[in-house]
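J.: Letter by letter, the chains look like this.
Protein chains: 2
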Amino acid sequence: MPPTLDDIREAAIRIKPYVHRTPVVTCESLNEYVGAQVFLKCENFQKVGAFKFRGACNAVFSLTNEEAAHGVSTHSSGNHAQALALAAKLRGIPAYIVMPENAAQVKKDAVAGYGGQITFCKPTLEARESTLAKVVENTGSNVVHPYNDERVIAGQGTATLELLEEVPELDVVIAPVGGGGLLSGTSIAATELKKGIRIIAGEPEMADDAFRSLKSGKIIPAVNPKTVADGLLTSLGTLTFPIIQQRVEQIVTVSEKGIIDSMKFVWERAKIVIEPSAAVAIGVLWEHKIDLAGLKIGIILSGGNVDLAKLPWL
Amino acid sequence: MPPTLDDIREAAIRIKPYVHRTPVVTCESLNEYVGAQVFLKCENFQKVGAFKFRGACNAVFSLTNEEAAHGVSTHSSGNHAQALALAAKLRGIPAYIVMPENAAQVKKDAVAGYGGQITFCKPTLEARESTLAKVVENTGSNVVHPYNDERVIAGQGTATLELLEEVPELDVVIAPVGGGGLLSGTSIAATELKKGIRIIAGEPEMADDAFRSLKSGKIIPAVNPKTVADGLLTSLGTLTFPIIQQRVEQIVTVSEKGIIDSMKFVWERAKIVIEPSAAVAIGVLWEHKIDLAGLKIGIILSGGNVDLAKLPWL
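So the protein lines, in turn, are chains A and B.
Here this note's numbering is used: the first sequence runs in plain steps of one and ends on residue 336.
Here this note's numbering is used: the second sequence runs in plain steps of one and ends on residue 336.
To be clear, the hints were calculated from the coordinates, so they are not data collected in a lab.
Note that the structure is predicted; figures quoted are calculated from it, not measured.
Do not rely on the hints blindly, as some may be mistaken.
Note that identical chains are pooled: a pair holds if it fits in a single copy or bridges any two copies.
Unchecked claim - Below, in silico cross-link-like pairs of lysine-lysine (DSS-like), each with a Cα-Cα straight-line distance of 27 Å or less: (1) K286 with K332; (2) K279 with K332; (3) K332 with K129; (4) K144 with K156; (5) K129 with K144; (6) K286 with K216; (7) K279 with K217; (8) K129 with K286; (9) K286 with K38; (10) K144 with K216.
Can you build the whole structure from these sequences, using the hints too?
T.: Next comes the structure, spelled out in structure tokens:
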């Protein structure tokens, strides 16, 4: 069952003691450039540097004490792994994280730094899934999928609750789409709170599986996509796809240049650090492929985790 | 006459319609690293990307209509030039900016973009001053010095008014020091508002003229200093020096490595873009040269104007 607005409201209350209420910022030069009034919901300032902490936190604190005692687990090499490890740490329960052995050292260190117990595996989806199955068998832990999970979707939707509380007059909300957890939560929260609000997603041209899935009416998995927006490489899930079909007006693809240019512009003008995946949502406005002139547009800046030694414009 | 707290309060009212009230942000990992409770006053989010806009704005809007009609002028190749140009534009009066002909194209473009009328000169202090004198003779414009000017000092102090309004329990305020305009305004506002508050300045080791001036009791000009903190190359002024002597507890020098490492840490963890000069204030805590353990410390992040193609850690 997809989460309801009430589920999202309950999630907001549940995670409130643990998450940052992130600010909504504006940037006049961005407004001028794109010809609209843009409100940036800064999940780059969220704990762990990404919205992912909301969903992970909601999943972890939804467990009964008995369930929680066995810990939580997932396979992930990215922000979700860190988010789950920190959420588990805050509840005082173990987090078992399956990571591919070739994951970046900085990511392994971050997960370990939050107290996550890492099991390494070969870097294939099969190895990740079979290793996770073994971990679950040994521990009895509760698996928290990075996006295809009602609790996670409800948690991600809380960012939009806050955004619309602060800027209720929005005409449009734009979020990036990878696996669709953020987009699902965003679209449920926004369309239930405000009739007629338009939900648009940004997706890299080079990883346009969600765009093609929506066109064709069935999930088309991504095949080895390559994009600078490395948070958006995953394919839609069985839970997220129908939510997106029902509630998202359209998915707009963004070129690699559009992603990088809008990312750099935000760093230069708004003075905030956003990751390429967050810039994909801005890229929808940046490339002017659709007409949103003069509208009030909320954008979920998904995160700010960037390797400062490897910036994409250098 | 140095500005008083009342001058700073009047400046705050005068510039309020034009400046951003910048946020005060905190960062848990920074607190952990430095062992204190740090409150960052984000002048990197100020218009023009730096606190300089406060002082320029106060100077421009302090003029009588008759004075204002002749415009304002300065020589500067940095943030002050842009700040003065924008402030003048907002008042609808001309800004005459003398810039060295070898100034970076991006800075020339920025000043011109705000409507500043640029006169180029040879890149020497003599040429800058004689060219400015000629401009003033021709235009009757009011010269606004980047720091050795009461109106500018009062304007810069408004950031600290806001900071102490939001976090009245501060034990210490740290600001960077170059020409001393920001430090003067900061120290007047803080020490007048809160008896016993400690004012500490950060200065690059490689441009430590203010440190040496304070030690020796007389202004020692900087001689061709070279530091990554290119906003702090100037020497103290006749107006700023006695204020700093009277109100600043000490100046702490920061190594180039300390500046760069703390700048990178803030980008990575707080997800905000700060310039090296702003990092100098954080560097005071970063290098632990003095003991501020456990205290509540306000830091004026002076600005966020950085060439993203030339980051100092690359």
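J.: Hints numbered earlier in the text: which of these fail when held up against the supplied structure?
T.: When the structure is compared with the hints, numbers 6, 7, 9 and 10 turn out to be violated.
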